[in-house]
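Residue numbers (the numbering used here), protein chains in the order written: chain A, 170 to 285; chain B, 33 to 143.
Hints in this document: simulated from the structure, not taken from any laboratory.
Just so we're clear, the structure is a prediction, and the values are computed from it rather than from any experiment.
A few of these clues could be false.
[Unchecked claim] Here are the computed lysine-lysine pairs in the DSSO-like style, where the Cα-Cα straight-line distance is at most 30 Å: (1) B:Lys41 - A:Lys277; (2) A:Lys277 - B:Lys89; (3) A:Lys230 - B:Lys89; (4) A:Lys230 - A:Lys218; (5) B:Lys41 - A:Lys218; (6) B:Lys41 - A:Lys237.
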Amino acid sequence: AQSVTQPDIHITVSEGASLELRCNYSYGATPYLFWYVQSPGQGLQLLLKYFSGDTLVQGIKGFEAEFKRSQSSFNLRKPSVHWSDAAEYFCAVGEGSGGSNYKLTFGKGTLLTVNP
Amino acid sequence: DSGVTQTPKHLITATGQRVTLRCSPRSGDLSVYWYQQSLDQGLQFLIQYYNGEERAKGNILERFSAQQFPDLHSELNLSSLELGDSALYFCASSVVTDTQYFGPGTRLTVL
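In isolation and in its complexed conformation, chain B is listed as follows (with noise of 0.2 Å):
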């Protein structure tokens, strides 16, 4: 267990709908990643927020967004979805810039 929990684990939904996906780093971990693992694309950073602030950005589409709270837990939104976006959305958390730890995951299934 690394201390990172993602909710839900799995979420089945239709295209063309909005989802949240919701990640609590470990506790005094101030960064929070995003991370989609398909099988074509493999693992792909999408995006990283360091104490509520937007930090760096790699292959997030527009139609994806995400942001940190005050109390460090992070949500990652996917509207407009299409059967591509069916994937495993991790979440990660480190203290800086440090080993990131991972989540158990969300698998996302777009019908």
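The following block holds chain A by itself, in its conformation from the complex (with noise of 0.2 Å):
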């Protein structure tokens, strides 16, 4: 079965800095992989995704992320991380059987806060 694996749980880093989330991920295909945000009180709403071509995708808010099948990992980063950017980050894999058959697998998250 697939999995995700978020390692750091809390992350704080300053304004302005910048800002890599790690993210492994265990799947025998070629994975779709997601990055989704959740505010507090929120629900998920997605950054960015990778399903085939350039290993290097580009997303909302000045987000991009990184994959790496050798690593089998799909890092988030953004260059300068503004105060808005706090909140807690998902990375997710897709699974299918195919045709219509689809789930996703979420890693534990990142909560990212960060100090003025």
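Dock chain one against chain two, each of which comes alone in its own frame, and use the hints as you go.
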């Protein structure tokens, strides 16, 4: 079965600093990979996704992620963090058995705190 | 706003009771998914429906059931509620096997 590991439970960065959130996955086939963000009391918002092609994907709010098959990783990066980026970030892998069967397996999340 | 709507936003009930959570997918999306988010288990996939038919099942308890109606809205029924069922329940929708867009969630509190 597929699994997702986010090694960092909580990360604190200063506003304007760069950010990298780690994500490692376990999946037999070529994965569909996603990053979602959840602000307090809110639902999950899609930041970016990787299905195939270019291994560096751009998302909303200035985020990007790089798929590295050899390392089974899909780390999320942002060159300069804003206070509004404080939230919880979830990495997910999509699994489908063909056709319309499909589900997401999520990591435990990384809580990002941004210091002024 | 993802276009997925969920009602109610909050639900407080007692142990042993039954509740129904409702989800309306984005316009044109045929697949609906239900997830449970709790502090100890994290985000877990419960069940998927596609155009009215159950297509995938995850860690869904036998006390829980779901269905998708002809107008594509979905309901998640939770019965014989226990304290441990307190969680945030999310609905998501997608076209087919594509990006899932999440609703704002229903927070269930079982007292």
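- Message: Lys230 of chain A and Lys218 of chain A were given as a pair; does the straight-line alpha-carbon distance stay at or below 30 Å?
- Response: With a Cα-Cα distance of about 14 Å, the restraint between Lys230 of chain A and Lys218 of chain A holds, given a limit of 30 Å.
- Given hint Lys277 of chain A paired with Lys41 of chain B - CA-CA distance at most 30 Å: holds, 23 Å
- Is the Cα-Cα distance between Lys41 of chain B and Lys237 of chain A 30 Å or less? Violated, at about 39 Å.
- Query: Is Lys41 of chain B close enough to Lys218 of chain A, meaning Cα to Cα at most 30 Å?
  - Reply: holds, 28 Å
- Item | Given pair status - Lys89 of chain B, Lys277 of chain A, alpha carbons within 30 Å | holds, 20 Å
- Task: Please work out if Lys230 of chain A and Lys89 of chain B have their alpha carbons no farther apart than 30 Å.
- Result: violated, 33 Å
The structure fails to meet hints 3, 6 from the earlier list, while all remaining hints are met.
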